[in-house]
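Using the sequences and the accompanying hints, generate a full structural model.
Protein sequences, first through last, are from chains A and B.
Our numbering puts the first residue of the first sequence at 155, with every later residue one more than the last.
Our numbering puts the first residue of the second sequence at 155, with every later residue one more than the last.
These are computed hints drawn from the structure, not numbers from a lab.
Some hints here could point you the wrong way.
The list treats identical chains as interchangeable, and a pair is accepted whether it falls inside one copy or across any two copies.
[Unchecked claim] Under the rule of at most 20 Å between Cα atoms (straight-line distance), these lysine to aspartate or glutamate pairs were calculated in the DMTMM-like manner:
id, residue 1, residue 2
1, K244, E261
2, K252, E278
3, K208, E278
There are 2 protein chains.
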Amino acid sequence: MTDVNFKDSPDAGLGVRNGSNVFPREDDSEMPHCDLIELLFYAYRDFTSDPDAKLDAYGFGRAHHRVLHFVDRNPGMMVTDLLAILRITKQSLGRVLKQLIDSDFIEQKPGPLDRRQRLLYTTESGHHIVSALAAPQSVRLEKALASLPQGGSDIVRQFLYAMINDDVRDEVANMIYKTDRYARPGQAAPSEQK
Amino acid sequence: MTDVNFKDSPDAGLGVRNGSNVFPREDDSEMPHCDLIELLFYAYRDFTSDPDAKLDAYGFGRAHHRVLHFVDRNPGMMVTDLLAILRITKQSLGRVLKQLIDSDFIEQKPGPLDRRQRLLYTTESGHHIVSALAAPQSVRLEKALASLPQGGSDIVRQFLYAMINDDVRDEVANMIYKTDRYARPGQAAPSEQK
DNA sequence: AGAAATAAGTCAATATGACTGACGTAAATT
DNA sequence: AATTTACGTCAGTCATATTGACTTATTTCT
Numbered sequence: 155m156t157d158v159n160f161k162d163s164p165d166a167g168l169g170v171r172n173g174s175n176v177f178p179r180e181d182d183s184e185m186p187h188c189d190l191i192e193l194l195f196y197a198y199r200d201f202t203s204d205p206d207a208k209l210d211a212y213g214f215g216r217a218h219h220r221v222l223h224f225v226d227r228n229p230g231m232m233v234t235d236l237l238a239i240l241r242i243t244k245q246s247l248g249r250v251l252k253q254l255i256d257s258d259f260i261e262q263k264p265g266p267l268d269r270r271q272r273l274l275y276t277t278e279s280g281h282h283i284v285s286a287l288a289a290p291q292s293v294r295l296e297k298a299l300a301s302l303p304q305g306g307s308d309i310v311r312q313f314l315y316a317m318i319n320d321d322v323r324d325e326v327a328n329m330i331y332k333t334d335r336y337a338r339p340g341q342a343a344p345s346e347q348k
Numbered sequence: 155m156t157d158v159n160f161k162d163s164p165d166a167g168l169g170v171r172n173g174s175n176v177f178p179r180e181d182d183s184e185m186p187h188c189d190l191i192e193l194l195f196y197a198y199r200d201f202t203s204d205p206d207a208k209l210d211a212y213g214f215g216r217a218h219h220r221v222l223h224f225v226d227r228n229p230g231m232m233v234t235d236l237l238a239i240l241r242i243t244k245q246s247l248g249r250v251l252k253q254l255i256d257s258d259f260i261e262q263k264p265g266p267l268d269r270r271q272r273l274l275y276t277t278e279s280g281h282h283i284v285s286a287l288a289a290p291q292s293v294r295l296e297k298a299l300a301s302l303p304q305g306g307s308d309i310v311r312q313f314l315y316a317m318i319n320d321d322v323r324d325e326v327a328n329m330i331y332k333t334d335r336y337a338r339p340g341q342a343a344p345s346e347q348k
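See below:
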């Protein structure tokens, strides 16, 4: 049923699944790294499928997930920042963000220094849903990393990092690897939310 | 302008970008592997952005890219196989596939053994567009892999492979790592197309 | 031979996530 | 005082996906 129907191919399974050297390179002459292009597709397809079922229960989609995730990890972030990360327009974000605010998963507070800003925070229930959505992804990652030899997870980090556009790489690293309890100087931590 | 506005954070840059041990783990207590979740998002975002500009020129979207890619790599594949790979419905595929056939990038031939089938092949122009779309992605991958230590690319392959759902992992490996010149026994190779 | 399953396609209606362009408002910066 | 920035909104559109029902041809099963 989930049979993709290529197993009767004369060369099916050639060189694959044979101990430690799992992936010999195929002929690269015409399309180098084609296997990685496809592996990325499949890996991401299944990785993102994890939270989808849970999202349905709330009537949300992947767009909501992304917003929830980044707001949760960067409490007090500006709408503009979120737009730059997601690479979408204000209008596209608008509907999704409104739904999340209306359903009390995300909260907006005026910026204490710049009152034009409406800084974003997850509510308690927002934080919970983020954890619930991340859980299956964490499990999948944990299993995948566990299958690697020593130091494998650092290699994977390096690889993914190197795949990001050069011009935003540093910004991204700052976003990911910071102590995010106090995103901006003089700003309230999420735990201080009313 | 592309400033994501978190660099004035007191801890900006903490521990990041310092030589070989580029990525120390942050506090994992609340959300393990959160950094990898985000790295995957950013890496895939930029990876898929490469072909998007070129696709626009043809009036196509990512859906067309996916179809073109998999048909090109699996000449003579069935529509049903494509649906299983892309995890979309027949109706969703229908429109995209029709456009690709109408614009002469994909060709359908009745299956010689089972005449219900309409096996899919890329035309010459279809094959060319696939190469053009893959080129920037190959370059990005090449650079990313070059930045890794010895054996890094195999680790990455292993990781991505392990991220795929267990139940389809073998099928996927067969699809990726086969000699795809003769996808089915007794079937014409793409080079034999009229 | 007849029934059931499969491969492919189609119709209609709908949802989601994205887009462009224009406009408004408040607040900060120059 | 003028400009820029942060945010929001209105209106219209497009691409990609969905569900459900139905048709046609062909193969397979009993």
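Hint check results:
Taking identical chains as interchangeable, the C-alpha atoms of K244 and E261 lie at most 20 Å apart only when both belong to the same chain, with a minimum of 17 Å there against 40 Å between chains. In this assembly of identical chains, the alpha carbons of K252 and E278 lie at most 20 Å apart only when taken from the same copy (17 Å versus 47 Å across copies). Taking the shortest Cα distances, K208 and E278 sit within 20 Å of each other inside one copy (18 Å), while across copies they are farther apart (43 Å).
Figure legend: structure checked against the earlier numbered hints; every hint is met.
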